[in-house]
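Position chain B relative to chain A; hints supplied.
Chains as they are written, first to last, in my numbering: chain A, 121 to 521; chain B, 791 to 1075.
Rather than coming from a laboratory, the hints here were simulated on the basis of the structure. As the structure is a computational prediction, the values presented were derived from the model and not from experiment. A portion of the hints provided could be inaccurate.
[Unchecked claim] One side of the interface only, derived from the structure: several residues of chain B facing chain A at Cβ under 8 Å:
hint, residue
1, Ile793
2, Asn800
3, Glu897
4, Ala898
5, Leu906
6, Glu963
7, Ser964
8, Thr1046
[To be verified] Chain B regions said to be covered by chain A (calculated; three or more residues, Cβ under 8 Å):
hint, region
9, 923 to 932
10, 1001 to 1008
11, 1030 to 1044
12, 1050 to 1063
Even glycine gets a Cβ: it sits at the ideal position worked out from N, Cα and C.
Chain by chain, the residues:
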Amino acid sequence: MKRRDFLRLSAAAGLAGGFGVADIQRALAADGLDLYMLSAFSGPFAANGKFGEMGGRLAVKSLSPSMGRSVAYHTIDTQGNTGTAVRKIQEAINQKQGRLFLGGALSSEALAVSREIEHAGGVYITYVGADEITGSACNRATFRWAVPTYGAIRQTVAPVADMLPKAKRWYTITPQYVFGEGLLNNAKEVFREKGIEHVGNSYHSLQDKEFSGYLTNAAASNADVLLILNFSQQSIDTLRQAVSFGLKRKMKIVVAWSAGLDQFATLGPDICEDVFFGVQYWHGHDAPANRAFVALNREVNRATPTYFTAADFAVTSMMLDAVRRANTTDPKRVAQTLESMKWAGITGDEEMRAFDHQVSKNYFLMRGKAKAKMRDADDFAEVVSFGKSFPSQGQSQCKLA
Amino acid sequence: MGIYLFQIINGIGLGMIYFLVAVGLSITLGLLGFVNFAHGMFYLLGAYLTFQIVSWGGSFWAAAVAAPLVVAVLAFTLERAILVRTYKLPHKYQIVATLGIVLIAQEAVVMLWGPLGNGVSVPDSLAGVVSLGNFQYPLYRVFVVAVAAVLAIALWLLLERTTFGALVRAGSESSEMVKLLGVDVRTLTSLTFALGGMIAAVAGVLIAPIRGADPSMSGEALGIAFVVVIIGGMGSFTGSIVAGILVGVVQSVMSTLWSEGAQLMVYVVMTLVLIAAPRGILGRA
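Only chain A is shown next, with the shape it has when bound in the complex:
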């Protein structure tokens, strides 16, 4: 009789004696690896989950043969709701003994579940935007792949300012919550360094869908550049309305935090043309790991990878690599391994910063292409520049050490 069969029979017959059900479940999974990917699979953020899962499963498919153990990939639908996310993570921790978690549709979700996972002694790799994840709210269990607001601004505003030395008047549109404030504060710092006049800012709520009033403020300011600091559907709405109000003809437009390909496809080349975008990932970036990933995704998923496909591929690959290197699924040792990891990633060379659990990776400045210049259906933009910018250990608000 195999060990698994014996344990199953023991549990069923109540012969487990002093073992609790949790111990039996853990024993059953001892030679396997269970990954839990949380994202929104329903509701307004359902795109995140759908495309994220494609990337996560692709990573499992490509890396599990080298793991020496079976890998089970589970998804958790948070519905884009922090309360739901916390409840489902608690269920996964308490009832399924889940310890290795990935993803996160929204910053608020990720911040909340990271505390639960840390409390349970697990490991969590995410890619959300809120700087607190690897800043003031950092913890031993949580790691982040995405570049923080500091790097996003440094790699977009600074190079655009250098490219357009006469554009000295900038106007900003900012969502009024912690992520937007992070982008705005970093932008103001770059403005000061570059001698740029910040001629105005319009704050808006996270519920806003209509931006014409704020765009009118931007038009009235006679700015040279409009810097859009919101994200997701709001940046799509803002940019679409900015173009319809003729702002693209009056000033340059920069979207500092874009989702990349899926946003470009939603907007179309007419709107994207000549607009600058900051992106975490671009499928056309020339890196060996990225070429392999794009080819694999096109073969398996029959699509060019979007941001969420890439991000989930990246964090799932990181987790699997850490388990393989540590040769254990013990969360503490997996976390220790992650802290010192370097690897060839899909954005180029990537490495973990041990002092704040932030991955050091490239951020890309793109410029939208004219429709006539697109080489294929996904060739919406060209890479203008890319690089790595992160707050130093002294600047970091994370106090792990």
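Frame of chain A, contents of chain B only:
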């Protein structure tokens, strides 16, 4: 032109869009007394059908005719098959039924068209901007305002100056009395519901080139529609126009005065109206 004057003009344009989104709800809520949380779904389908027809190579104008008609048939069928069963039940059953329908529709949209938003181009003949001093206003928005104005007049004539309108209004007061006159009240109710759905679809068609079509837009439409109907008064078309413009102007002007509070002020206005005139500005007693 000063920025505040332009913001008022922009607000009026915005208000007419809000009127379009809300007037269908005003009909179902005000005249039928039905709490229709599925209103946003008709708006959503209007936008998605437009996207689909344009994607197939059809023109925007073909979509503008076809999408509202398809949605009207759907609304008629929905009312006959499901919603009629909730009329005599408390409002909470109507809310649950229509909310359930919205959730099914929203997930169906995700399955059919994917979870990402889709853009719809402005028709070539309406591309470009109108210059107003230092400012520019999209020509397409001027067109939407004009359509909203024409639709408002047509609706007013339909409901205030035709036999159909008289019967709908009478039916909302006393359906038994109208039945005694030999009128098929059931069909009348279904047609009125279909009319509300069709107007919501018209709003969806017209909004598609402004903000695209995405699965979350039904909830957004419902939110602003309820605000406009509450401020304007249930069942009042004039009230919907006044409220739509009021909301649009407040939001637009506040974008300059206090941008972070622009959205909040819309709800402050609604609260003030509720305190001063609980039935809305032009609501029926």
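Hint-by-hint comparison with the structure:
no. : hint         : result
1   : Ile793       : 4 Å, holds
2   : Asn800       : 5 Å, holds
3   : Glu897       : 7 Å, holds
4   : Ala898       : 12 Å, violated
5   : Leu906       : 5 Å, holds
6   : Glu963       : 36 Å, violated
7   : Ser964       : 40 Å, violated
8   : Thr1046      : 6 Å, holds
9   : 923 to 932   : holds (count 7)
10  : 1001 to 1008 : holds (count 5)
11  : 1030 to 1044 : holds (count 4)
12  : 1050 to 1063 : holds (count 4)
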